[in-house]
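Number of protein chains: 2
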Amino acid sequence: MLNTLFWIVPCCAVIALLFAWLFFRNMLKESEGDETMKRIASHVRRGAMAYLKQQYKVVAIVFLVICCLFAWMAYGPRLQNEWVWFAFLTGGIFSGLAGFIGMRTATYASARTANAARRSLNDGLKVAFRSGAVMGLVVVGLALLDISLWWLLLDHFVEEASASEKAIMITTTMLTFGMGASTQALFARVGGGIFTKAADVGADLVGKVEAGIPEDDPRNPATIADNVGDNVGDVAGMGADLYESYCGAVLATAALGAAAFRSTDVQFNAILAPMLIAAFGVILSLFGIFMVRTKEGASQQKLLRALDKGINASSVLIIGASFLVVHLLDLSYWICGSIIVGLLTGIVIGKATEYYTSHGYKPTRDIAKSAETGPATVVIKGIGTGMISTAIPVIAIVTGVTLAFLFASGFEFGNVSMGLYGVGIAAVGMLSTLGITLATDAYGPIADNAGGNAEMSKLGKEVRRRTDALDALGNTTAATGKGFAIGSAALTGLALIASYIEEIKIALVRVGTSTLEIGERTVNTVDATLTDFMQYYDVTLMNPKVLAGIFVGSMMSFVFCGLTMNAVGRAAQKMVQEVRRQFREIKGIMSGETEPDYARCVEISTKGAQGEMVFPSLLAIAVPVAIGLIFGVAGVVGLLAGGLGAGFVLAIFMANSGGAWDNAKKYVEEGNLGGKGSEAHKSTVIGDTVGDPFKDTSGPSLNILIKLMSMVAIVTAGVTCAHHLL
Amino acid sequence: MLNTLFWIVPCCAVIALLFAWLFFRNMLKESEGDETMKRIASHVRRGAMAYLKQQYKVVAIVFLVICCLFAWMAYGPRLQNEWVWFAFLTGGIFSGLAGFIGMRTATYASARTANAARRSLNDGLKVAFRSGAVMGLVVVGLALLDISLWWLLLDHFVEEASASEKAIMITTTMLTFGMGASTQALFARVGGGIFTKAADVGADLVGKVEAGIPEDDPRNPATIADNVGDNVGDVAGMGADLYESYCGAVLATAALGAAAFRSTDVQFNAILAPMLIAAFGVILSLFGIFMVRTKEGASQQKLLRALDKGINASSVLIIGASFLVVHLLDLSYWICGSIIVGLLTGIVIGKATEYYTSHGYKPTRDIAKSAETGPATVVIKGIGTGMISTAIPVIAIVTGVTLAFLFASGFEFGNVSMGLYGVGIAAVGMLSTLGITLATDAYGPIADNAGGNAEMSKLGKEVRRRTDALDALGNTTAATGKGFAIGSAALTGLALIASYIEEIKIALVRVGTSTLEIGERTVNTVDATLTDFMQYYDVTLMNPKVLAGIFVGSMMSFVFCGLTMNAVGRAAQKMVQEVRRQFREIKGIMSGETEPDYARCVEISTKGAQGEMVFPSLLAIAVPVAIGLIFGVAGVVGLLAGGLGAGFVLAIFMANSGGAWDNAKKYVEEGNLGGKGSEAHKSTVIGDTVGDPFKDTSGPSLNILIKLMSMVAIVTAGVTCAHHLL
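Protein chains in written order, with numbering that gives the first Met the number 0: chain U, 0 to 725; chain C, 0 to 725.
All the pointers check out, no bait thrown in.
You can't tell identical chains apart in this list, so a pair holds if it fits in one copy or across any two.
Only pairs whose alpha carbons sit at most 30 angstroms apart, straight line, appear in this in silico DSS-like list of lysine-lysine: (1) K350 <-> K665; (2) K368 <-> K586; (3) K361 <-> K573; (4) K573 <-> K675.
No lab work stands behind these hints, which were simulated from the structure alone.
Pulled out of the complex, with its shape left as it was, chain U reads as follows (with noise of 0.2 angstroms):
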């Protein structure tokens, strides 16, 4: 049942990771620069090693846990297929396995960023960006290699009567693989946005507000644990995310299209779609990183420039890839236009995040202007607009899924299978370029590191200056790549609430319920349309069941945030008294004497976000089981759909916030209202310093949340059918 054209995934898989391998040995052969840098540079690897190696065993131990539960689910009472627990370990290592290189990939990075940004600034951004094309290259080769081989190996052991029911079985036993990869991905998205955020409300409100000295001042105990604290959250925990983001997404639609495309000819060629898609994405990220390629000399309008013109170009050709892969896979054309309105929502929710979160457009500056009335205000305001920037996502994504829907199911509303089908593929089309997207995103830390050993090793004011425009420049590009990962978790949402229902459809294979009583018709279960089984367990907004799940579910996404919130609050205020300490007891810091306890301050971070990560995540897994427990399918659909549109709107809010409060900060800096040191960058200080959670951590695991909910939901379909108590 193999097509040949499926030999392409595991090819760009590999011609993804060998460039990422390429770039990372030349990034090696860079400099690291003089004594001091290397010096500074191993104080945060080693610092983030160190974190890492604890976060990995906590995780394990939790892996080990749930494992074992799976397996004993599986050849005890017979709820799940057998390949569960390994998919679920498989897809946690992978994960891990993504954040990991991309971590250490940045720690090396960052020193040779500040020495090649001493040569001039277009060096500078070759070594940062390219070491964050490893992270992208490295996130999207290893999610289609283990795509691949995971086919292939399911390919070879499933059996099942007939083609189309085993390409049912195969694809939606790979989407469990997904929950592995998202468990991951919350553990390392809470974990290191605590991690970091304390860190920073730390070395910030002691060092900047109190003390008085810059941010990556040698003299702020902080310092390290900062910087640490940029590879364990944005870079390590952001792999982890998209990874899961991507396979996501990828999975789901295949599982969707396996079902849609039920017993026709073109069954396989709806799976193979996304893949091909993705497959094709890869090729032209690596296009669109090598066009990012400026002349010496180059000014920083020009550099932004040749930033976008990849993005851009890498865009534009998968809308022709698109119609390649569709001719090739004989499906209607229309399925482009979801693509093509999947890429749109994509770019509108960007362009939207960046005229919110950019100081230089009005909301952002209103919320630096309330700072003359004081920090409340600031507050106030800032809470206000985040809030009401939450209007045209939610448009955007409305009209996304309304259009994908139409055009993937021959605009008939009724239609679900195959309109549903079209969002996933929707997603798909936008995280298509995520090789690019991602290098654009997870260059940021690494410009951000090297200013901040740029500063340590006292490397002058022009080199500094360069790695903030690095860093500037990434924040630009950033927007962009946020609206992209949250429009996509909105998408994906939504297609793993569909698949769920075709997992429903296994289970209840499995546990013997051959035929569904639906008013007073008989339906076969195995010939059960997705509206038939709304139907059957009546998914209405009138079953309370159902209502119930909404409810919990909105209240889910308020709860985790606001323990992560409350996480941040409790490790901050630990770091704050540490750094208090060690300017009270340890003399001569201020002096420049003696040099702070950096490790003490890392050793608090870790223990933090070790101590506080494991509760909301483990809440998250058990929530969407006791709900199924109790209210059985019903209520799950329920949370899934409330936690979806609660969560997505949280989430966007809590960025955008975030966002503005921290550029609101940067435009008071940048000599605006008083400029640095005034009462009005004070307020703006403590502004970024609220929002420092709200971007960072709560509101990036929210994205997880969402489809991590999903994952277990499907994952425990068989408990859900077998056992319920309404």
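Fit chain C to the supplied structure of chain U, relying on the hints for placement.
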């Protein structure tokens, strides 16, 4: 078709109004104190009246426009019942009247309370509490009177084939008068909320933080505006709000009862049940109010116990009364189960509110403690705690809805109409003792204003201590009141969604759709059940129209909050600048030689509130119509469910964060963590300021938003049926 039992309802309404008038007259007999006290009270009274006049002008224009639209829809394309425009108008007038009377009473009562507190704490309590009771009784009295009159009027004029159909027609028509009340309530809450918080933030920030004088110091130019704000926001706004909740719950339940018991002997009894429970609740509230009477010289503990005793007695007795009602009306005794569930849910939410917002417990103390590391950690911790605090209320509501549904439906999930009638009955049960719970709520601002008056009239510390004690007493009982208000909003919101479907049925008949094709079945429109409609419109969670609605509904809550937050921010900024200007330009304010220009501050708040309240309020009306015109019925139900889920959770988060910040500040002011004037105190003042619009503007407005969107959907059901794009 009128049952003699019906006459109990208007009788109880008249009794309530009579006692309200009696309490008011007795209060007026009290002395208003010395000349200064009178002068200050008249300042506040005039400011409040000026504001309300201005507000009613704006609202009148809006009502006029909407009325014309409704009249056109009724007499032109015949998309509506011809009573709707008139019902809408009267709903608005009565709701406004309830707020107006409450506010008028409060402004007369504050100086009198301060004067009575000069004699004793107990006298102060009596004046303040009885004045609060005026508002409680006026709200329930007017509501029941209004409902009775409407019933009699429609019973006389409506002509329908059968008595059963007539009852359905009457109850659904009456429901539309809820939209008038909701619209009026939203304007009152939003306008009043913006007014009061702009004044409060201005008074706090410049007065407390910058000039270092107390909130109620006569030297603070914003202090009169602040006191006016308590009256227009907390009294007039709350009165209109709860009038709307009360009517909404009774009317929605009556409409559901008419539909659920269609063509049965007890149909009329099922309609009467919510009205009778409310009527008995009035009498029991009166009983409770009279129980709040202590001997001279009682301690504060005893006063609190007296207050609690009043509320508890009415709550327990209402359970007994509900058994009587059910017995008299020949309904199933299980319905009493729904009522008890409603009461318990309200109590659990109230207790949870108290736990998370009172500084007697850990969460609020932790927020205060985080002030040691500055304002940023106070804000982070407050937001985190508020988000976590949504868990218990949501679990309570989910459990409550499920149980109330099961009790009323005879433990049969398929029996949707009856089950939802039970949910409505639970809401009525929760609100039945509104007469007394609202009295304890409304007396809070009266005591607060009395304190302000005492401070400005320099009545001495002892009097101020007593008014503070009265205020604190109110805060404790207010937590329970808030629990009931928000819990009933969720339950009523659910009942209204069900009523929307009933309205759709009538609209379909009106546009000539006499049969529905559902799958392979053909059903007469008038005979179709709620479940039939769910299938006919495919209101399942896999329909992209429903999902679009859920996304937009979630977004609406956030955007609405954001708009009101920003409105407060803008108005407060203007206030801060004005207060700073007065301190700068008017010589002798700080030494007390010159009186500041209070009127200018009142004017600024008034203008700010009027200008800012229109857009968010109109948005709340326009969005349900727009979603209906684009996505049809399925989209509207999705919108309402998404708005209910996210809005409920967001409302609790905002109310609790705000409350906790307020009490964290009070905790520090009581001498903990450094006490007044310390850095920790300044940090908690910033937290409190952020919390002001959370708890008094955006949070409470969400309660109304949830219901107003449902009401708009109900009133425009005819348009949605006749015209929609997709």
